[in-house]
Structures are given as C-alpha cells and as structure tokens.
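Asker: Note that the protein sequences, when read in sequence, are chains A and B.
Counting in the numbering used here, the first sequence runs from 1 upward without gaps.
Counting in the numbering used here, the second sequence runs from 1 upward without gaps.
Keep in mind the hints are simulated off the structure, nothing from the lab.
Only a predicted model underlies this, so the values are computations on that prediction, with no experimental measurement involved.
One or more hints might be untrue.
Stated by the list, open to error - Calculated pairs, SDA-like style, for lysine to any residue (alpha carbon to alpha carbon, straight line, at most 20 Å):
(1) A/K50 with B/E51
(2) A/K41 with A/V57
(3) B/K100 with A/L100
(4) A/K35 with B/R14
(5) A/K41 with B/E51
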Amino acid sequence: MGSGSSPCASCKLLRRRCAKDCVFAPYFPPDDPHKFAIVHKVFGASNVSKMLQELPVHQRGDAVSSLVYEANARMRDPVYGCVGAISYLQNQVSQLQMQLAVAQAEILCIQMQHEPELPAITNHHPSMIDCDAKSLLLSGSNTNDFGEQIMPQFLSYTSNNNIMQDPLKRECHWT
Amino acid sequence: MTSTRCAACKYFRRRCRPDCIFAPYFPADNPQRFACVHKIYGASNIGKMLEELPVELRVDAMESLYYEAKCRIQDPVYGCAGIVSLLHQELHSAQSQLAKVQAEIAFLDATNVALAKPTSSADASLVQENGIDQGLDDQFNMWFY
C-alpha cells in the first residue's frame with residue numbers, strides 16, 4: 001500500500017493508517033468493503049490477522065476465501081453456519097449413494113434374470129428368478145446409515161477430509 | 001470452597017457471575033472447548049453471537065461454532081469450507097455415477113423389450129446378427145465406462 005494509494009478495506013473500516021506491509025491489503029481491496037466487514041464481524045480483525053500471519057504467503061489467498069465463505073454462511077444462518085451446509089450436503093450424498101446402490105442392484109437383478117446358465121434355478125418356477133432390487137440390496141452388506149444428517153454425525157468428516165485437491169478447482173464453491 | 005467458574009471465566013481468570021452468558025455452553029470440565037472457539041472467533045464475538053440468539057438456539061450455535069473452530073485449527077487454510085468443497089465433489093461424482101447406471105438400466109430394459117418382441121425367425125436372426133442378442137456381454141457394458 002503506497003503512500004498515495006487508497007487504504008485497504010480493513011484499514012478503512014478500522015480507521016487506521018494502511019501500512020505498506022499491511023497483512024490485509026492484498027486480500028481486502030478498498031472496492032469491496034463488505035468482504036472485510038463480514039469477516040471482521042464473525043472472526044474479528046485481530047484473529048484474522050493472526051491466522052494470516054501464521055500462514056505462508058502463497059496460502060493466504062485461499063485462507064481468506066474460505067474465511068469469507070464461512071463468515072457469509074454464518075451470517076445467513078447464525079445458528080448452524082457452514083455446518084448446516086455440511087449437514088445438508090452429507091444428507092444429499094447419502095441419498096444419492098442409496099439410489100446408486102438400488103440402481104446397481106437392479107442391474108444385477110436384470111443380469112440374473114437373463115443369465116443363460118443357472119442350473120439350480122432353471123428347474124424352478126420362473127417367479128423365483130424374479131428379484132426385487134431393494135431386497136437384493138438389503139440382503140447384501142450395504143448397511144450404511146443413509147440419511148443421517150444430525151450434527152454430531154458429521155464430526156467423522158474431520159478425520160476423513162485429508163483429500164485436498166487443487167484449491168483452484170474449488171474456487172467456484174466459495175460463492 | 002470449590003471453584004464454580006465456567007471454562008471462559010477460568011480462561012480469563014475472572015469471577016464467573018451467576019448470569020455469565022458463557023457458563024451454560026462452556027463447562028469448566030472442558031477447557032479445551034472454549035480455548036478452541038476463542039482462538040478462532042474471540043470471546044467478544046462469541047458473546048455477541050450468543051446475545052443475538054434466542055436461548056433455545058444457543059446450544060446448537062455453540063456446537064456448530066466449536067466444530068467450525070476445530071476444523072479451522074486442523075486445516076488453517078480451508079477449515080470447514082474445505083469439507084463443503086469435498087462434499088460438493090462427492091455429490092457431483094455420485095450424480096454422474098447414478099446417471100450412468102440409470103442409462104445402463106434404460107439400455108438393458110430397451111434390450112429386453114427388443115428381445116421379447118421377435119415373432120418370426122427372420123426377425124430373430126436379424127437380432128442375432130446385430131449382436132443385440134448378446135444380452136449383457138461385456139462389450140456393451142464397456143460403452144458406459
């Protein structure tokens with residue numbers, strides 16, 4: 001932040017001089033005051049500053065984006081914030097996985113019905129070949145707890161979220 | 001006299017008043033819980049959030065804040081937002097897989113209908129020639145993968 005430049009959004013809000021090495025300046029430009037305002041309201045400028053200073057420079061941009069995302073989520077939903085979105089998405093994923101399992105069982109049923117060599121079955125009544133996709137599914141071992149979206153359940157995600165892919169691919173999810 | 005201060009007041013080494021707003025949600029036996037949320041949000045912000053919420057919603061709010069704070073401590077760059085992103089990817093992947101499998105079912109159903117229809121030997125041989133009679137041969141499954 002040069003001497004002739006406008007102070008960054010954070011220094012404007014905090015009404016202080018924007019130093020050349022202001023930690024906020026690269027991430028909170030003056031033309032978007034709302035971005036810092038919302039992060040400050042939820043996390044506090046002091047905490048955000050500490051968080052950024054503890055990170056290498058090349059990771060601060062993503063950190064700010066995620067903080068803005070979480071702050072927005074918390075403003076929209078003061079009770080559950082981001083966690084509400086996690087719970088909802090987890091439920092959606094579970095439902096889709098159940099539908100997928102049923103569909104895959106249905107394919108298996110179709111395959112079984114048209115299997116040319118079923119020596120033990122061919123002598124039986126044709127109706128015994130009929131299989132219900134859901135009963136086939138339930139007779140299997142897939143007994144995941146579908147549809148569980150209660151808050152404490154998603155805590156298991158913290159131990160499974162080590163799969164971090166290229167953050168650039170996730171830019172579209174910050175909004 | 002044993003101390004009855006909540007974790008927040010213990011942290012700040014101050015007297016815990018009977019109407020302390022933190023006390024119901026940050027018991028003394030779990031100091032790490034308050035330390036975690038204070039590190040990310042700050043006690044002042046937590047207090048403001050609590051004051052702005054009806055009493056019956058404060059427990060859930062503090063639980064979610066604690067969860068988000070833990071996520072942020074474990075992953076200082078992406079925090080909880082990283083989990084949301086991961087779930088979006090899983091959702092997209094599951095949708096794609098489901099669409100694929102449903103297309104395969106539709107194909108198999110159409111194949112079965114075609115197989116059930118032939119009424120003449122000419123038709124049957126035509127079906128045979130085109131390979132449709134191969135039913136669920138792997139080469140058809142390969143179309144989908």
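Asker: None of the hints should be skipped; say for each whether it holds.
Answerer: Taking the hints in turn, this is what the structure says about them:
1. Restraint check for A/K50 and B/E51: not satisfied, since their Cα atoms lie roughly 25 Å apart, outside the 20 Å limit.
2. Taking the CA atoms of A/K41 and A/V57, the gap is about 24 Å. The hint is violated against a cut of 20 Å.
3. Of the pairs offered as hints, the one joining B/K100 and A/L100 holds, with about 10 Å between alpha carbons and a cut-off of 20 Å not exceeded.
4. With a CA separation close to 35 Å, the supplied pair A/K35 and B/R14 exceeds the 20 Å bound.
5. For the given pair, A/K41 sits about 14 Å from B/E51 by alpha-carbon distance, which is consistent with the 20 Å threshold.
Checked against the numbered hints above, the structure breaks hints 1, 2 and 4 and satisfies the rest.
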